Amino acid sequence: MAAAAATAVVGVALIFAFVLQTAWPVLTRVGIAQFIFGDTWYPTRGRFGLLPLVAGSAALLLGALLLGAPAGVMTAIFLSEYCPKRLASLLRPAIDLLAGIPSVIYGFFGLISIVPIVRSVFGGAGFGPVAGSLILAVMILPTITSVSRDALEAVPRDYRLGGLALGATQWRTVYDVVVPSAWSGIVTSVVLGVGRAVGETMAVLMVIGNAPRFPRAAGQPISALTSQVALDMAYASGDHRTALFGIAALLLFITMGLVGVGRLTVRRQARQGRRR
Amino acid sequence: MREKRMKEGTVRRSALVVVILAAVVAVLVALAGCGKQPADQGASETGDQSLSGKIMIGGSTTVLPIAQAAAEQFMAANPQVRVEVQGTGSSEGIKGVSEGVLNIGDSSRELKPEESKLDLVDHKIAIDALALVVNPDNKVTNLTKKQVVDILTGKITNWKDVGGADEDIVVVGRDEASGTREFVQKDIIGEDAKFAADALALPGAGQVKATVAKTPAGIGYVGLGAVDDSVKALKVEGVAPSEATVKGDTYAYHRYLHMFTKGEPTDPTKAFLDFVLGEKFQTETVASEFVPVK
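In order, the protein sequences belong to chains A and B.
Position 52, counted from 1, in the first sequence is what the numbering used here calls 52; the numbers after and before it change by one each time, with no gaps.
Position 74, counted from 1, in the second sequence is what the numbering used here calls 74; the numbers after and before it change by one each time, with no gaps.
Don't take every hint at face value.
What the hints assert, rightly or not - Among chain A residues calculated to face chain B with C-beta under 7 Å, some are:
| # | residue |
| --- | --- |
| 1 | C83 |
| 2 | G209 |
| 3 | P221 |
| 4 | L231 |
Said to hold, decoys possible - Quick look at which bits of chain A chain B covers, simulated, 3 or more residues with Cβ under 8 Å:
| # | region |
| --- | --- |
| 5 | 112-118 |
| 6 | 233-247 |
Read the hints as simulated data drawn from the structure, not as lab findings.
Values in this document were obtained by computation on a predicted structure and should not be read as measured data.
Think of the CB as a built atom: it goes at the ideal place given N, C-alpha and C, for glycine as much as any other residue.
With these hints in hand, go ahead and build the complete structure from the sequences.
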C-alpha cells in the first residue's frame with residue numbers, strides 16, 4: 001500500500017522534474033515575464049508570448065463557469081431536495097454518463113452542431129470562445145453536480161426540519177439553511193470543475209478554431225494553453241518544443257494552485273464541522 | 001490531546017516524504033542530464049531493424065491512406081513480413097526515419113534545409129494536387145492565383161471583391177503540423193507571408209471539409225483526393241483541378257508525396273517500395289486518390 005502511494009508521489013515528482021528541466025532553456029532565454037506576458041505567439045518566427053493563449057484559456061474558463069456552475073449547483077439542489085425518487089433514479093445515471101463520455105466525442109458534437117449555431121447567432125466563423133465555453137460547461141456539469149449533491153445530502157435532516165418548523169417554506173429552508181451549510185462543499189465542487197475545464201484539451205481543440213489571438217468576438221477563433229500544446233507537439237522542434245514544455249509547466253502550476261484552493265476549502269469545511 | 005500527537009506525527013512524516021522526494025528529483029535530473037548523449041549515439045548505431053521482417057512506416061497523414069493500402073496488399077503477398085503504418089505528420093515521419101525508429105518516413109513536403117543533412121533517400125510515390133474548396137452554395141467558381149493569395153493572407157476579406165455575395169470570408173485552414181498547410185505556405189502564399197489572422201487552424205482535412213460544407217462563406221484547402229460532393233472545388237486561373245490538368249501541369253497547385261528511407265533501403269523495405277512504385281499499385285490504388293507518378 002505504501003509502495004502504491006509512493007508510485008503516485010514519485011510519478012508527480014518525475015513529471016515535474018522532466019517538464020521543468022525541459023522548459024528551462026526557453027524560460028531563461030526568453031525570460032519568464034516575457035514568456036507569460038508577451039502578446040504574440042508565433043513560434044515559427046521565434047515569438048513566444050503566452051498572453052493570447054492565457055487570455056483564451058481564461059475566457060473559456062470564465063464562460064464555462066458562468067454557464068456550468070449555476071446549472072450544476074441547481075441540478076444538485078434539485079436532485080437532493082426536490083426530485084422524486086423515481087425521477088432521480090433516471091437522472092443520476094444520465095448525469096454520471098455525461099462524465100464518462102470521451103472528450104473527443106464532445107468535440108465532434110460541438111464541431112457538427114454547436115459551431116454552426118454559434119455562427120448563425122453571432123456571425124463570424126462560429127469557432128471561438130462561445131462554442132468552447134458551451135462544451136466545457138456541459139463537461140464540468142457532472143463534476144459540479146455530483147460533488148455538490150454529496151455536500152447537500154450530508155446536511156443533517158434536523159436542519160431541514162428545524163427550518164420548516166420555524167415556518168419557512170421549503171425553498172427558504174433550502175436557500176437559507178441547507179445551501180449555506182453545504183457551502184464549502186459546493187465551492188469545492190466548482191474548484192474541481194475548474195480543474196477539469198483547465199485541463200480539457202481535445203474537445204476544446206476541435207471547436208475554438210486554434211488561432212492564437214486575443215478573444216475579441218463570440219464567433220472568432222482563439223486558442224488555449226492545452227490545445228496549443230497538443231497541436232504543436234507533432235511538429236515543434238528546437239526552442240518551439242521547449243516553449244511547449246514551458247506551457248506545460250505553467251499548466252502544472254495552475255493545477256497545483258487549484259488543488260491548493262480545493263484543499264483549503266475542504267479543510268475549512270472540516271474545521272466548521274468540528275465547531276458544530 | 002491524542003489527536004494533536006497524531007497530527008504532529010503526520011507532519012513529521014510528510015516532511016520526510018518531501019525530503020525523499022527532493023532527493024529523488026535531484027538524482028533524476030542529474031541522471032537525465034548526463035545520460036543523454038551516450039543513449040543518442042547508441043540509437044543511431046543500431047538503427048535499421050529491417051532484417052526482423054518488420055517494416056515500420058509513419059509520417060504524413062496525406063500519405064497514410066496509400067501507405068495503409070500498400071501495407072495490406074504487401075502483407076497479403078508476403079505473409080512473413082509485418083508492415084505497421086502510423087499517421088503522425090510529415091515532420092514526425094522524417095524525424096522518425098532519421099532516428100531509426102521508422103524504416104520509412106512518409107512526407108507530403110520536401111526536406112527542410114536542416115533535414116537534408118540526415119542522409120535520407122527520397123522516393124516519390126504520388127502527386128497530390130491541392131484543391132481550394134468552398135460551400136456548394138457559393139456563386140464563385142474561379143479565382144486567380146493572386147486572389148487566392150490575397151484571400152488566404154487576409155487582404156481580401158469579402159466575397160463580393162471576387163465576384164461573390166456580400167459576405168465576410170471565413171478562411172478554414174489547417175494546423176501548423178499539417179503538410180497541406182506547409183504546402184500552401186511555401187508554394188502558394190510564400191514563405192514569408194502570414195495567413196489571415198482569423199484563419200481557423202483545424203486538425204484534419206475531414207474537419208476542414210465538414211466546416212466548409214456547413215459555412216456558407218467558408219473557403220478551405222484540402223488534397224484533391226479528399227474532395228467530395230459536400231464541397232465545391234474552385235478553378236484556379238480558369239483550370240479545374242483533375243488528374244489530367246495536374247499531369248499536364250496546367251493546374252497550378254500540386255506537389256509530390258514522398259517516402260524517405262535512411263540511406264538506400266534494404267529488404268524488406270526495398271521490396272515494399274518497389275511494390276508501391278510498381279505499375280499495378282500505382283494505377284489501381286494510388287490513382288483512386290492521387291495522381292500516379294508513373
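Do the hints match the structure? See the list:
no. : hint    : result
1   : C83     : violated, 38 Å
2   : G209    : holds, 4 Å
3   : P221    : holds, 5 Å
4   : L231    : holds, 5 Å
5   : 112-118 : holds (count 3)
6   : 233-247 : holds (count 3)
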